[in-house]
Amino acid sequence: MIAIIDYGMGNLRSVQKAFEAVGHRAVVTRESHVIADAGHVVLPGVGAFADCMANLQQYGLIEPIRKAIASGKPFLGICLGLQLLFTESEEFGLHKGLDIVPGRVKRFPSPRGPESAAASDTSGKPAACLKVPHMGWNALSITRPAPPLQGIETGAYFYFVHSYYVEPQEPSVVCSVTEYGVPFASSIWRENIFACQFHPEKSQTVGLSIIRNFGQWQ
Amino acid sequence: MGYRAERFCENFSPIVPCLAPRASQANDMLTKRIIPCLDVKDGRVVKGVSFVNLRDAGDPVEIAKAYDRDGADELCFLDITASYENRKTILDVVSRTADQVFMPLTVGGGVRTLEDIRNLLTAGSDKVSINTAAVERPEFVKEAAERFGTQCIVVAIDAKRRADETAKRRRYGSGWEVFTHGGRKPTGLDVVEWAKQMEGYGAGEILLTSMDQDGRQSGYDLELTAAVSDAVSIPVIASGGVGTLEHLYDGFVKGKADAVLAASIFHYRTHTIMEAKAYLKQKGIPVR
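If you read the protein sequences in the order shown, they are chains A and B.
Each residue of the first sequence is one higher than the last, beginning at 11 in this note's numbering.
Each residue of the second sequence is one higher than the last, beginning at 29 in this note's numbering.
Keep in mind the hints are simulated off the structure, nothing from the lab.
Hints should not be assumed to be uniformly reliable.
Quick list of the computed label-pair ranges, beta carbon to beta carbon [as the list claims (entries may be wrong)]:
(1) 113/B x 161/A: 22 to 30 angstroms
(2) 82/A x 113/B: 29 to 37 angstroms
(3) 64/A x 112/B: 26 to 34 angstroms
(4) 245/B x 73/A: 54 to 62 angstroms
(5) 111/B x 226/A: 53 to 61 angstroms
(6) 314/B x 201/A: 34 to 42 angstroms
(7) 41/A x 120/B: 21 to 29 angstroms
Which residues of chain B face chain A? A few of them, derived with a C-beta cut under 7 angstroms, are [said to hold, decoys possible]:
(8) 108
(9) 110
(10) 111
(11) 113
(12) 176
(13) 180
Note that the structure is a prediction, hence the values are computed from the model and not measured.
Where a beta carbon is used, it is the ideal one built from N, C-alpha and C, also for glycine.
Isolated chain B (complex conformation):
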């Protein structure tokens, strides 16, 4: 194959010589993304603290439209519907959202089969995020990437700092452990090793949530985010713990994240996305 590819290359001139006019330097790069995340249960948006004490905060489609107007770069729906019978509610939410909002949408929660992925993509989702199913059978990620393309497969990792991190670091790798089932079930897997494995299996992006920080509004786990971002060459979305605009900035700079996910800070209008972007721009972060 390698030989064929090389020989083929000779037949094509590179595109570079035709590139006369170029964008100004300021625009000449991929921008950092801000992604509001909506927890959706039985078709309604909820957001609680550390995944418990959920509060109903409204209609996902209406909130999605508001974020669209406010300049969000993507949207994320996390389906936390517990009962199997109600799982189809998310498809309805996704299709109603995609009818009215023309921006990228990632949907996660309970994605277990290729059929689940197909249904979500058909309903109007652009990417799906896989969490527990990846841990239970890593080959699922490989199959999904080969079937639908790596770019629409996000692997979500819920990470927790090991209790006796320093003592265990030598034996257990980076110091963070992968959890599943909404952060309730430890897996024994090392977060950084797991992220690398998932990249190798075809994940297009890592959605990295610190279970320690989630709901605390005291900032991302920057050490965790940077450790994963350094270890993989796919984009990493920082998640869990945003309380201020500075936390977003830190996520990009200290956490080396490619995108930041946030919920409460935007849901409760502590800040708008536009305020966040103005703040980041003024501090030199490339945003749209």
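Bound-form chain A, shown alone:
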């Protein structure tokens, strides 16, 4: 059974339905005993970093997550669920993450961010044409064959929607790279942790194969 951690945010239903579509039973939960009993654990995510950390804290989910990862069972982080594993994030100020994977979460370079008021810009035109968020279908370059990436070829397109990307302190955790203005880690793999910046549950057939692979990962 797969436990999808519910911390009051995120596209939980989509993730659950994706697992069900490939034949895995998945429950959405915030009960620590359900997470402890699950064979696989998923930390999904849509939302703002600081709010998500606050919610994990409020619902008492930080320890269950640490225990699940320490137990060695397969753990999947998706989008913000990848970013939350890191030491800290620059989103709307500097905020502490779970610090399970050393590194930080950074914003894509952009002439204007949400924190800079529109009124402060009088030049009219952005300096560069890189649009943030990075939103849409982009390709992976697979650098290490993580078990959930089995059967996925370099060049396969996945759906991304994010303004921040992870920069691991230890580059060896990276298992795929994607290019958007800068090359960034689009997925990481360390022992029983696989986490991706893209949304496999929203990446049609190719995404569902990652969901299937993860469910079969032992």
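Position chain B against the provided structure of chain A, taking the given hints into account.
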């Protein structure tokens, strides 16, 4: 904060040195998106001309599945349900769609509160688009972006060319005015200034509809689209007026759009999404 961030940076080596194998140049970029849009009323799909004379064109879930098979990059549902009692029908449509279709879904129409957004995201929507509520209270966009993340907040702008555009250009900015309530109510706001303000408030994307072109099938308002796309650094979706595949191409090249939204051209099978992509690819547009 700036000092802390700088000091923190020193502790981390950049990721760049580990990037040995790279994708081929052709795949090494974000692709342009094609987004079919379904107008949904009381749980059924309708599409009319210039937002009136609506025609019932079927079940949204079935159409969503067909677009999924056909290679659409995202889907958009615009809820035009008028009565408050029937507003919950869209949640049912969204959840039934998300049960079966594993692609990005944006839902707009009548999004007024953080609770509305939460309900749509919980039902399986990935992004919500906000239109009238943003004009009535711009801070709503800021609150929504801080609560749910900028990437799931789309601000929809219905734009109309000002009647005496050239005469008013000097006094009213870019020459297009923001309308609300499905294009019925003028706001006095300048479209380009409004788009910039919404970006500053945390909008993750702009869905830009030309009310002049909508339903005419004579192409996007390219001048409008390019003006907004140049002014903001968030993605812009061109909408309103597609009749041919060339219009899609123009939207990307002349309109500088990051994505194109279309309805009738796909709903009535004038073209399939696959045909559109083959056409765009052959003309050098990066598509999936």
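Outcome of the hint check:
1. 113/B x 161/A: 22 to 30 angstroms: violated (48 angstroms)
2. 82/A x 113/B: 29 to 37 angstroms: Cβ of residue 82/A to Cβ of residue 113/B: about 51 angstroms, so the range 29 to 37 angstroms is violated.
3. 64/A x 112/B: 26 to 34 angstroms: The hinted range 26 to 34 angstroms holds for residue 64/A and residue 112/B, with Cβ atoms some 33 angstroms apart.
4. 245/B x 73/A: 54 to 62 angstroms: holds (58 angstroms)
5. 111/B x 226/A: 53 to 61 angstroms: violated (47 angstroms)
6. 314/B x 201/A: 34 to 42 angstroms: With a Cβ separation near 36 angstroms, residue 314/B and residue 201/A satisfy 34 to 42 angstroms, so the hint holds.
7. 41/A x 120/B: 21 to 29 angstroms: Check passed, 27 angstroms falls within 21 to 29 angstroms.
8. 108: violated (24 angstroms)
9. 110: For residue 110/B, the interface hint is violated, since the closest Cβ of chain A sits about 27 angstroms away, which is over 7 angstroms.
10. 111: violated (26 angstroms)
11. 113: violated (24 angstroms)
12. 176: holds (5 angstroms)
13. 180: holds (6 angstroms)
Hint check: violations occur at hints 1, 2, 5, 8, 9, 10, 11; the rest are consistent with the structure.
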